[in-house]
Every structure is written in C-alpha cells, then in structure tokens.
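Work out the full structure, taking the sequences as your base and the hints as a guide.
Here numbering that gives the first Met the number 0 is used: the first residue of the sequence shown is 0, the next is one more, and so on.
Since the hints were derived computationally from the structure, they do not count as laboratory data.
Where is the CB? At the ideal position from N, CA and C, for every residue including glycine.
Just to be clear, a hint being listed does not mean it is correct.
[Unchecked claim] Here are the simulated DSS-like cross-link-like pairs (lysine-lysine), alpha carbons at most 27 Å apart as the crow flies:
#1 Lys-692 to Lys-749
#2 Lys-767 to Lys-692
#3 Lys-793 to Lys-700
#4 Lys-546 to Lys-563
#5 Lys-483 to Lys-428
#6 Lys-170 to Lys-322
[To be verified] Here are the computed distance ranges between Cβ atoms for each label pair:
#7 Thr-543 to Gly-606: 25 to 33 Å
#8 Gly-606 to Glu-404: 39 to 47 Å
#9 Asp-259 to Asp-375: 52 to 60 Å
#10 Ile-56 to Glu-533: 46 to 54 Å
#11 Asp-216 to Glu-473: 44 to 52 Å
#12 Leu-630 to Tyr-478: 34 to 42 Å
#13 Gly-61 to Lys-563: 51 to 59 Å
#14 Arg-623 to Trp-354: 31 to 39 Å
#15 Leu-532 to Asp-699: 32 to 40 Å
#16 Asp-343 to Asp-214: 24 to 32 Å
#17 Gly-109 to His-641: 56 to 64 Å
#18 Glu-784 to Pro-666: 49 to 57 Å
#19 Leu-580 to Gly-531: 12 to 20 Å
#20 Thr-195 to His-325: 13 to 21 Å
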Amino acid sequence: MDKKHPLYFTIHGHFYQPPRENPWTGVIENQPSARPNHDWNDRIASQCYSPNAASRILNEHGRIVDIVNNYEYMSFNMGPTLMGWIRTNTPDTYRRIQEADRRSMERLNGHGNAIAQVYNHIIMPLASEQDKRTQIRWGIEDFKFHFGRMPEAMWLAETAINFETVVELIKAGIKFTILSPTQADSFRKFGDEEWTGCSNTDIDTTRPYRVYPRDKDGNLVCDGYLDVFFYNPWLSSAVGFEHLLRNADTFGGRIRDAWDKNRKEPQLVSIGTDGESYGHHEPFGDMCAAWLYNRYAPDHDMVPVNYGWYLEQFPPQHEVLLKNFHGEGCAWSCAHGVGRWYRDCGCSTGGGPNWNQKWRGPLREAFNILKKRADDVFVREFEKLSDVDPWDARNNYVQALVAPEDESRIQDFLARTVKDPTDADMCAKAIRLLEIQKFCLFSYTSCGWFFNDIEGLEPVQNMRYALRAMELLEPFLPYGNHLKSEFISTLACATSNEHKLNGAEVFTRFAEEQVPVIVKEMAEQAAIFHLGLEGDNEKSKKITATKIASRRRQTLVRTEYYDKFIDERRIATVLAITDALGRINLVVADGENEQNGLKFVENPNLGTTELQALNPTAYVVRMRDLMSDSLKRINQLTAQMHLTEITESFSSFALNHGISIDNLADPDHTLPDTMRKILSLEINARIHHDALKLLEGTDDKLIAEIKDLMNEANRLETKPSFGGTGRMFFKKLKALIDTVSQNYDEATVKYITDLITVADWLQLGIDKTSLENRVFAIYTEFLKEPQGKLSALKPMFGWLNFEVDNV
Numbered sequence: 000m001d002k003k004h005p006l007y008f009t010i011h012g013h014f015y016q017p018p019r020e021n022p023w024t025g026v027i028e029n030q031p032s033a034r035p036n037h038d039w040n041d042r043i044a045s046q047c048y049s050p051n052a053a054s055r056i057l058n059e060h061g062r063i064v065d066i067v068n069n070y071e072y073m074s075f076n077m078g079p080t081l082m083g084w085i086r087t088n089t090p091d092t093y094r095r096i097q098e099a100d101r102r103s104m105e106r107l108n109g110h111g112n113a114i115a116q117v118y119n120h121i122i123m124p125l126a127s128e129q130d131k132r133t134q135i136r137w138g139i140e141d142f143k144f145h146f147g148r149m150p151e152a153m154w155l156a157e158t159a160i161n162f163e164t165v166v167e168l169i170k171a172g173i174k175f176t177i178l179s180p181t182q183a184d185s186f187r188k189f190g191d192e193e194w195t196g197c198s199n200t201d202i203d204t205t206r207p208y209r210v211y212p213r214d215k216d217g218n219l220v221c222d223g224y225l226d227v228f229f230y231n232p233w234l235s236s237a238v239g240f241e242h243l244l245r246n247a248d249t250f251g252g253r254i255r256d257a258w259d260k261n262r263k264e265p266q267l268v269s270i271g272t273d274g275e276s277y278g279h280h281e282p283f284g285d286m287c288a289a290w291l292y293n294r295y296a297p298d299h300d301m302v303p304v305n306y307g308w309y310l311e312q313f314p315p316q317h318e319v320l321l322k323n324f325h326g327e328g329c330a331w332s333c334a335h336g337v338g339r340w341y342r343d344c345g346c347s348t349g350g351g352p353n354w355n356q357k358w359r360g361p362l363r364e365a366f367n368i369l370k371k372r373a374d375d376v377f378v379r380e381f382e383k384l385s386d387v388d389p390w391d392a393r394n395n396y397v398q399a400l401v402a403p404e405d406e407s408r409i410q411d412f413l414a415r416t417v418k419d420p421t422d423a424d425m426c427a428k429a430i431r432l433l434e435i436q437k438f439c440l441f442s443y444t445s446c447g448w449f450f451n452d453i454e455g456l457e458p459v460q461n462m463r464y465a466l467r468a469m470e471l472l473e474p475f476l477p478y479g480n481h482l483k484s485e486f487i488s489t490l491a492c493a494t495s496n497e498h499k500l501n502g503a504e505v506f507t508r509f510a511e512e513q514v515p516v517i518v519k520e521m522a523e524q525a526a527i528f529h530l531g532l533e534g535d536n537e538k539s540k541k542i543t544a545t546k547i548a549s550r551r552r553q554t555l556v557r558t559e560y561y562d563k564f565i566d567e568r569r570i571a572t573v574l575a576i577t578d579a580l581g582r583i584n585l586v587v588a589d590g591e592n593e594q595n596g597l598k599f600v601e602n603p604n605l606g607t608t609e610l611q612a613l614n615p616t617a618y619v620v621r622m623r624d625l626m627s628d629s630l631k632r633i634n635q636l637t638a639q640m641h642l643t644e645i646t647e648s649f650s651s652f653a654l655n656h657g658i659s660i661d662n663l664a665d666p667d668h669t670l671p672d673t674m675r676k677i678l679s680l681e682i683n684a685r686i687h688h689d690a691l692k693l694l695e696g697t698d699d700k701l702i703a704e705i706k707d708l709m710n711e712a713n714r715l716e717t718k719p720s721f722g723g724t725g726r727m728f729f730k731k732l733k734a735l736i737d738t739v740s741q742n743y744d745e746a747t748v749k750y751i752t753d754l755i756t757v758a759d760w761l762q763l764g765i766d767k768t769s770l771e772n773r774v775f776a777i778y779t780e781f782l783k784e785p786q787g788k789l790s791a792l793k794p795m796f797g798w799l800n801f802e803v804d805n806v
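Put into structure tokens, the structure is as follows:
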C-alpha cells in the first residue's frame, strides 16, 4: 500500500515597498503620515519586517518562551529596493533574513525560501523588451548580492504576465513563478490534446503547472519552460480580509480544510499573501505565524515547505494556458488584463462619488514621452563612450546599484565598460546616462497607478523620478528643447479626483520643489557653518562650505555642491542671518560672491519677504523650512555641542538665586511658571547628569543619589524628561550583554542589573525588543541550568519579559 503524503503547505509573503528615496539625495525623507516613525519603510520595518525575523511565542502569562525566525519557514520575496534599505537601516534584521534562507536550504535539500522580484515593481507586460530584460537581470543580480545564490523563481509585480514576459524569464534561467488562479484560462495533462477550461477560478491549486513559450501559431520560440504555482484564492484572501492571523488554531484549521485527506497524490496548500499582513495590516500577525509553524503544524502533521523543494519532489504533470497570453497579459489585481496601469478600466481602491481613473492614461503617456527621448539619447550617446552594447551596460549597472555607498563598485563597473576609464568626463557622461535610465524605470513603479488619485504619494513620487531624469538629460538635448513642456502638457490632460487639479498642477505643486533640494542642502550646510557647529555625514562629501566674512549675527558662506560621478556642480553664496528672536533666514544666490554681489544687510531683523525684495534673484528660506531631516541633523549637532553646558548652567540655579527647590511643593503654585520650570529643570539636570555618569561605570553611591533625586522629583510632582538617554542606556546594555554572552563575569552582571533598575526609575524609552533578540541565546542557556551561574541574570530576563518564574 502506498504511503500517504503528509499535508504540505507553503505560505508565500510578498514583502515590498516602492523606491521612496528623494532622487536628489538618495535618502528617504521624513514622512509625516508615517509618524511616530521617520518614514513608511521605517514604520513597517518596526511592525513587520523585523518582528518576523524574531517573532515571539508567549505563554499564558504573556511571557516569552521562544523567539522564532518566520522567514525560515515561509516562502518570501523581498523587493530589491526594500532589501537595500533593510541592509542599511536594520542590519540585524538583514542578517536574520539571510540566515533564514540558509537554514531553509539546509532543511529542504538546497532550496531556499527566498525568491527574487523584478527590480522596482514595474508592470512587465507594459514594458519594452529591453526594460523587461533589465528588470529581470537587476532583480537576479540584486538577489545574488544578498543571498549568494541564483534565484529559482521571480515574483512579478502584481503577478502581471504575458507571453513576452515568460520568454524573458526562461532565457534568464528562472524556473518558476507564483500566480493567481484567476489568471489561468485552461489546462491539460501532458500528452492530452483536449484543454479543460478553468477561467472561473476552477483550477486545482494544489499542484504545479507548466507554461511553454509558444507563439500564437503554437511554435516554441525558445528552449525551456516556466513552471507556475497558483495560490489558493479563498485562503489567501482570508488572510488579508478575514483576520485569519488573529488565531493560529483558526488559520491552521483553514489550511487543513483546504487539503483533501482522501487523495493519494501529493497536494500543496499554497497561500499567497501580502507580507505586510504579518504585523502591519494585522498587528501581531507575525506571532500567529510563529505559533502556526512551531506549535500547531507539528502537532497536526503539517509540513511547511517551499515551492522549489516541492517542484523537485513532484514535477508538473499538466500544462496551463494563461489569460490574454499573447496580448496585454493578466494580473491578480485587475480583472481587465493590465488595464489598471494605463487606463480607466474600473479597478481601483475606492474613493469618493464620481471619482474615476482617467488620469492613468496621461500619466503613463507623459512617462512614455520622456522614456522614448531618454532611450534615443542613451543609445546614441553611450555608443560614443563604450564598446559595450548600451543595453548590456545598463543591465550590468546593477553591480553599482546593489551597494551605492561602495564607490569601488562604480569604479570597477567603469573600468569594464567605458573606452577610457581614466577620462573623467567620459566616465561622468556614462554614469549620468545610466542614472537617467534608472530614474525613468523608477517612474514606472506600479504603485503610481494602483491607487485612486494622481495626487497620491505614489504617482507624485514617480513624477519626481521623471523630473530628476529630465534634469540629468538636459545636457544631451538641443538648446531650447521642449521636452519638459511636452511632458507637462501631456500631464495636463489628467484631472485629479480630490481637488480637481490637472496633472500639470499636481506636478508643479507636489513633485517640483519651490526651492530645489540641492539649494536647501547648501542652505543647511551654511546654517551649520553659521551656528558654529561641527559634524560630518554623507552630505559633506558633496557639499563644502567656506566662510567669506561675518559680522554680528550674519555670516556670508561660499557653498559648493559637486557630484563627481555625474559631474554635476553648483556654486552659491549663502547669507545666514539670525534675528533678535533667534530665527535664522538663509539667502541663497547662485554663483560666486563676486558675481552675485550678495552682501550683509543693515537690519538683521528683516523678514523673508523683505529679504526676497532685496534679493529678487535669490532663494530665501527660513531654517525651519529646510527639509525635516536637515533640522534633525542641526539639532543633533547642537545637542552634542551645547547640552553639557546648558545642563550645567541650570544645576546651581536655586543656590545662585537664593531660592529653594522646596518652593515647588506649594499646592497653589504661587511661584511664577517661569521660576517653577527652571527649578524643575534643575532637578532634571542633576538626575540626567548622574545617569550619564553611571554609563561610565557602576557606582552604588551614584545609584543611591539617583534614587533620592527621583523620589524628590516625585514628591514635588515634577515630571523629569530624559530624551535620548534611553538610546545611550540601550547602547551600553547591548555592549554589556555581548560581553556576558562571551565571558560570564559577576561584575558585569551586577552592572547590567544596576542599569535596568535605574532605567525603570527614570522610565527611559529603551528598545527592549532588540535587547530581547540579543539576550535570547543566553536565555536558552539559562533554561538548561536555571540554578547555575546564569541565575544571577534572572532580573534582566524578567525585565525583558522572558519566563523566569516557572523554570
């Protein structure tokens, strides 16, 4: 009797964010809609990407008993533009994702859970042949950079696919992809002549299928084939819309219901989901998945596998035809082919009464106009610079994109590409042409059409990429060309839903900065110079500032922006002025001071309007109106320079002025508010000083003093604040935990205990989640011998919410 196959299941998570970087700085700006986080990548990382790399399994008391890496069990693709951000901004999560793929390979006969994705999520059937190839090649090479292996599969944006896309995937060595069953038209068993229709989503999703690259006449146009897995539509939808991630038993039960226990042949319950469901859309959804994989599945003979492993064990026995295969193709999220990304097909995410998506056509047409001109210039100009085919060079350019901070990668690329790598002008032109191509491709990111209005964040971001491409293209076009006018007039044919703006107005209001980004960055450097602050970051590599002259409350600064890789240069003189209230105005005039004649003003208290009237050809901007990240940097530098001095100036206020802290105890608050606040600040300053001193080394006397001061503050009903101190305590605790994990030392254990005690007294905002992840290995050792030497760390384990009482 044949052995019955177990219940194999695969949950695929599509983890993706569109490119969000400012095209002039390469950095994601602060996004107010994402608060309290800096931006949406940061917010979703904290709610989803990072939690899934270290998800908690809790006991009935809410205490941690296990930490699980969900990526080790689920199939997933991590969009290239997102994965690059994760690598730079959440390195611990990045390493855990890589580790999960390695472990899944060990468990599943060399098949890793990670699969690739087309680079910046463009709709493949609407892309040119060369753009399809670049998206696939960039996606593959990006994947290889992060995971160190060739991907077996590739996720297609919106699962959009057609005949030409299949051919390019096969030629690139991709073995399979994942689609919606709504995209299947008919299927047949190998060797059969007759096809069985399945256009009403009535295809068996528990087995793989094969797509052959046949043209309309049935002729194979290339060797090979592409295998396809269709996800279970009802189960996949239920994850997103029926809250299956609120209960692992319910989720597991639904998976079991989707499996036919009476069938003898193998079955794969395939679930395709938005990765953000696991923690962002469904809070704590990651914990549901962790319990499903590590508790429910083993208890019910359910085996989590990935598609690559299943394909090797149980190859397809059926061929499938896809809808609109030789036309515009099909996608999971559009019932009209791929109309959602170029016309008013009826698909949308909602909106108000009488809203429509007629704006989609003009938006795509404007980008097409730009792309056509950019492509013509690219081929014409690149052939002058290189013996490498222009499109091959563009495909190879991904080697520089995967780690943009590594300048050696650009140099290596140039050495292999341009005719004379020592010719700086030739190299700059080559990189500029390739950056134009990159930004043109970014302008086609699918999110720009998916939602319901051209005013949205995503269409505007795509426009910003197009604007940057036009700027970089300018030197290659005839003087007085009308490209931008043609682009804007095409956009003008669109009308927004929310405010009834035409597309040109949307572009000029939201995509085009009134004060160019580079001008703001130059103003930022001048402000830092004017305030006498010192500091270094990536911006200072491109912008230099030199003082020309200064007088009371005014500084003239020469600033220069220079990007050596594309030979982009801008020189400006900035007049920084501080008025009587401490407000700073910045007047930015193009060119050297000898040319623009910018000079000091007689009255430093002039407002921006008056300064603009005096300097009609200059940009005038208040420091507060710089980019929010500029203010963040200035504040950080200000704190570094002045915090200690300001803290000390308050520390003896009561003694110096002959008053008493006890005055704060008056329940009628007779003391004026200003004096109350200063006295409160004195207590705050003393506690803060002692807390910072404690970070230099443990001291019982210091701890007692902190406790006494905190008791005093509580009795006087003051509310001390220690912004930033939590991060410093976190850094110190992290270092001490690493020390203990390598070499147990009682003094270090005591120091850790002292710090967490004081952190509780001061109610510091400490990133406990990261510390829990770091401590888990030590906690695991503690569980093996609870009464051993690690028992001294029980206060730390308890503070970090690990189970310690019942072990």
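Going through the hints against the structure:
With a CA separation close to 17 Å, the supplied pair Lys-692 and Lys-749 stays within the 27 Å bound. Between the alpha carbons of Lys-767 and Lys-692 the distance comes to roughly 22 Å, so the proposed pair stays at or under 27 Å and holds. Simply put, Lys-793 and Lys-700 have alpha-carbon atoms about 24 Å apart, close enough for the 27 Å limit, and the pair holds. The hinted pair formed by Lys-546 and Lys-563 meets the criterion: a straight-line CA distance of about 23 Å does not exceed 27 Å.
This hinted pair checks out: Lys-483 and Lys-428 have alpha carbons roughly 21 Å apart, not beyond 27 Å. At most 27 Å may separate the alpha-carbon atoms for a hinted pair to count; Lys-170 and Lys-322 meet this at roughly 22 Å. Thr-543 and Gly-606 have their C-beta atoms about 29 Å apart, which keeps the hinted 25 to 33 Å range intact. Look at Gly-606 against Glu-404: about 40 Å separates their beta carbons, and that is inside 39 to 47 Å.
Between Asp-259 and Asp-375 the beta carbons are some 56 Å apart, a value that agrees with the proposed interval 52 to 60 Å. Our hint of 46 to 54 Å for Ile-56 and Glu-533 holds, since their Cβ atoms are close to 47 Å apart. The supplied range of 44 to 52 Å is met by Asp-216 and Glu-473, whose beta-carbon atoms lie about 46 Å from each other. Against the hinted window of 34 to 42 Å, the Cβ-Cβ separation of Leu-630 and Tyr-478 comes to about 39 Å, which satisfies the hint.
As the Cβ distance of Gly-61 to Lys-563 is approximately 55 Å, the hint placing it in 51 to 59 Å holds. Under the hint 31 to 39 Å, the C-beta atoms of Arg-623 and Trp-354, about 36 Å apart, fit the expected range. Restraint check, Leu-532 to Asp-699: a C-beta distance of roughly 38 Å satisfies the suggested window 32 to 40 Å. At roughly 31 Å, the beta-carbon separation of Asp-343 and Asp-214 lies within the given 24 to 32 Å, and the hint holds.
Separation of Gly-109 from His-641 is about 57 Å and conforms to the stated range, judged on CB atoms against 56 to 64 Å. Checked against the hint of 49 to 57 Å, the C-beta distance between Glu-784 and Pro-666 comes to roughly 54 Å, which is consistent with it. At about 19 Å, the beta-carbon gap between Leu-580 and Gly-531 stays in the expected band of 12 to 20 Å. Taking 13 to 21 Å as the suggested C-beta distance range, the pair Thr-195 and His-325 conforms, at roughly 20 Å.
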